[in-house]
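Asker: One-letter residues, chain by chain:
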Amino acid sequence: MALERELEAYRKKLPELLAHKGKYVLIHGESVAGIWDTYQKAVEEGYSQFELSPFLVKRIEEHEPVHYIRLPVQSCRT
Amino acid sequence: MPYLTLPLSDFGPITEVLIGVTNAKRSLLEKHNMPVPARVSARGLIDTGASLSLVDPKIPQQLGLSPTGKVSIKTVSTGHETHDCNEFDVSITLLNREDEIELLFPYMPVAESTFHPAEGCEVIIGRNILQDCLFIYDGRARTFSFAY
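Going down the list, the protein sequences come from chains F and R.
Sequential numbering of the first sequence, starting at -3, is according to the numbering used here.
Sequential numbering of the second sequence, starting at 392, is according to the numbering used here.
Hint data in this document are derived by calculation from the structure and do not stem from the laboratory.
Glycine included, every Cβ here is placed at the ideal spot set by N, Cα and C.
Any given hint could turn out to be false.
Using C-beta positions, here's what the derived DEER-type ranges look like [said to hold, decoys possible]:
{"#": "1", "chain 1": "R", "residue 1": "429", "chain 2": "F", "residue 2": "47", "range": "29 to 35 angstroms"}
{"#": "2", "chain 1": "R", "residue 1": "523", "chain 2": "F", "residue 2": "7", "range": "26 to 32 angstroms"}
{"#": "3", "chain 1": "F", "residue 1": "31", "chain 2": "R", "residue 2": "440", "range": "41 to 47 angstroms"}
{"#": "4", "chain 1": "F", "residue 1": "7", "chain 2": "R", "residue 2": "495", "range": "33 to 39 angstroms"}
So here's chain F without its partners, still in its complex pose (with noise of 0.2 angstroms):
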């Protein structure tokens, strides 16, 4: 699965990634990269840091939301 070392850094560190709750997190691997108050800026340095190499930009959640989808579209490709 891709992302998948990542998302489970991201579920270690969540307690402490809360403090900065609401704002962007950036995952490579197994290490957070830095934090940014924007989705964009946090795109941005993954690309600058880490080029064509897998990275995870994630919104710092308490709680991991589902996201409702009215029309009937398909499961996806993980």
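Keeping the supplied structure of chain F fixed, place chain R upon it in accordance with the hints.
Answerer: Using the frame of chain F, we list chain R on its own:
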């Protein structure tokens, strides 16, 4: 505030959208002398019932994108179950070719999800975009307006 006004289609408020790589990704590709993919044209449904924006999987494939996120979604087709979807960073442009108006969102997260052809679109413009916009649905005039 630039805006576009378009006729309502039988599927609802649908506009042409161009999905492309973000400027950060573009700069990286250019730095490595790699081709920058052209923006992909698609039909986008403005959907106040969607809390995030979605694209058909063929779009990130055409753009050569790797996921930069993961989100959980729940739809009428998933019932009570949630599904994890890849999320990609893209630029989204809403387009009115007739009036030569482009509304650009340079960095937006979008999830991928397969659309049924009967839905008449390949992109959903959800509330993560609408939160910064003015959207007017004029049923009597059979038009909609979108400002950003």
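Asker: Determine for every hint whether it applies to the structure shown.
Answerer: Evaluated hints:
1. R:429 with F:47: 29 to 35 angstroms: For residue 47 (chain F) against residue 429 (chain R), whose Cβ atoms are near 22 angstroms apart, the range 29 to 35 angstroms is violated.
2. R:523 with F:7: 26 to 32 angstroms: holds, 30 angstroms
3. F:31 with R:440: 41 to 47 angstroms: violated, 31 angstroms
4. F:7 with R:495: 33 to 39 angstroms: With a Cβ separation near 34 angstroms, residue 7 (chain F) and residue 495 (chain R) satisfy 33 to 39 angstroms, so the hint holds.
When each numbered hint is compared with the structure, violations occur for hints 1 and 3.
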